[in-house]
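Q: Below are the chains, spelled out letter by letter.
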Amino acid sequence: MSDLRTLHDAFAELERRADAAGTAPAVRPRRAARLVPIAATVVAVAGLVAGAVWLVPVDSGTHTAGSLTGSSSTAPSTTPTRSPLPTSPDELIARFTVVLGDTATFEATQRITLPPPSSTNAPQPGAGSGVTPPPADTNASTSALVAGTLTSAGVTGSFSLTIYPGDPDAGESCALLRTEDRDVTTLPDGSRLATGTARPDPGAVSHQACLTRPDGTTILMHVGNQEDPQGAAINSPGGAIYAPQPPLALDQLKVIVTSDKW
Amino acid sequence: MEFTEYVARQRPALMRFATVLTCRTWLAEDLVSDVLGRAFERWDRISVMAEPHAYVRRMVVNEYLSWRRRLTRTSPRAEVEPRVISDGADERAERDAMIRRLAALPRKQRAAVVLRYYAGLSDREIATQLGCREPTVRSQIHRALTVLRLDLTAGAPDFQETS
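In the order they appear, the protein sequences are chains A and B. Counting from 1, one number per residue, gives the positions in the first sequence under this note's numbering. Counting from 1001, one number per residue, gives the positions in the second sequence under this note's numbering.
Note that these hints are calculated values from the structure, not bench results. The structure presented is a predicted model; accordingly, all values stated were derived computationally and were not measured. Treat the hints with care, as some may be off.
So, partial list: chain B residues that the calculated Cβ filter (under 7 Å) puts toward chain A [claimed, not checked]:
1) A1013
2) M1015
3) D1044
4) R1045
5) H1053
6) E1094
7) R1095
8) Y1117
9) Y1118
10) S1122
11) R1133
Each residue gets a CB set at the ideal place from its N, CA and C atoms; glycine is no exception.
Given only the sequences and the hints, what does the whole structure look like? Please build it.
A: As structure tokens, then:
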């Protein structure tokens, strides 16, 4: 049996072939071609985790940080040697607090450390349920994903946020699943910004924004008006409606992911 | 929005959607070109709709589902062939096997799966797009998942949760 990740991988590969067909004469460097599926897998993993976090039973241990009201006791006051990538949920929460400023408050109920990129995320032969971790790139570090509730202008919804490394040569932008009006633009610094809104059911809205910097670093954020920030059918798990609209507009989401305060 | 602007912005997305739907880039190109041609003819009406892109995408689905006649007189030129990887890349092999199974699905089942798991539409929206009832959509998807050998409860990604 396969899982949804494989189906999404198949979709991502078909998308890639569509893009390649649209730019027919372009010949990708061998290295990029080899790494594209890896980048797609990272996105898929991040996306699946983002979609799954609200399914994780709430554990009191995950509530120790992230309840923020403009100033955060969890945020380090100084970051003298900031890494390009937050490697832990705490670090991601701290940066998110700075980026948000007075725009919104949030409570991170799920804090997840993603493993370093690996050469494959497929289950290892004989691994059965797939509990064997894939081989990790020893030069890479972990990345983080946080999710929870976010409140802005009196409206509370859900959010998920992750920042992870990517391949600068892949030339691929994020695949925003479920979105109908996906918009991709290239910013002056060469970053690619993909945005879109998913409406999986009447009344269900999920704004999604994904920034891929020239070095491959990717910031992916969802904000929705349901329990599942990626959006879900109303009567399905994660489909509970929190508010008529997400707490942030798509334009606000763009400002957040493109902030220079990360 | 002007038609040319729409094409510039949304053609890549339509191409991706059509390729996922058909599993064939050449067919997707034909499909999207035809649909855009017809959309151009009625753009004055489409452009004032609340969601022009959703309408055009529905045109793609309808065109795809009504392509039986066209397919009989169209010779495949460069069907997407699953790439056989001999380096033991299980992930790619599994992905390509999934593409093969997708491509082998009956057209309506494939459209239902793509609209659900790629476009994220609800049963009701899919029923509207495919012109059938919601129970039929669920039935189509159920059958498709069986053929795809897809277990929705499997495959939780590897991650470690911090305390």
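Q: If a hint holds in the structure, say so; if it doesn't, say that too.
A: Against the structure, the hints come out as follows:
1. A1013: 5 Å, holds
2. M1015: 4 Å, holds
3. D1044: The hint is violated - D1044(B) has no Cβ within 7 Å of chain A, the shortest such distance being about 20 Å.
4. R1045: 19 Å, violated
5. H1053: Nearest chain A Cβ about 5 Å off; hint holds.
6. E1094: 5 Å, holds
7. R1095: 4 Å, holds
8. Y1117: 6 Å, holds
9. Y1118: Holds: closest Cβ of chain A sits about 5 Å from Y1118(B), inside 7 Å.
10. S1122: Holds, about 5 Å.
11. R1133: With a closest approach of 17 Å, the R1133(B) hint is violated.
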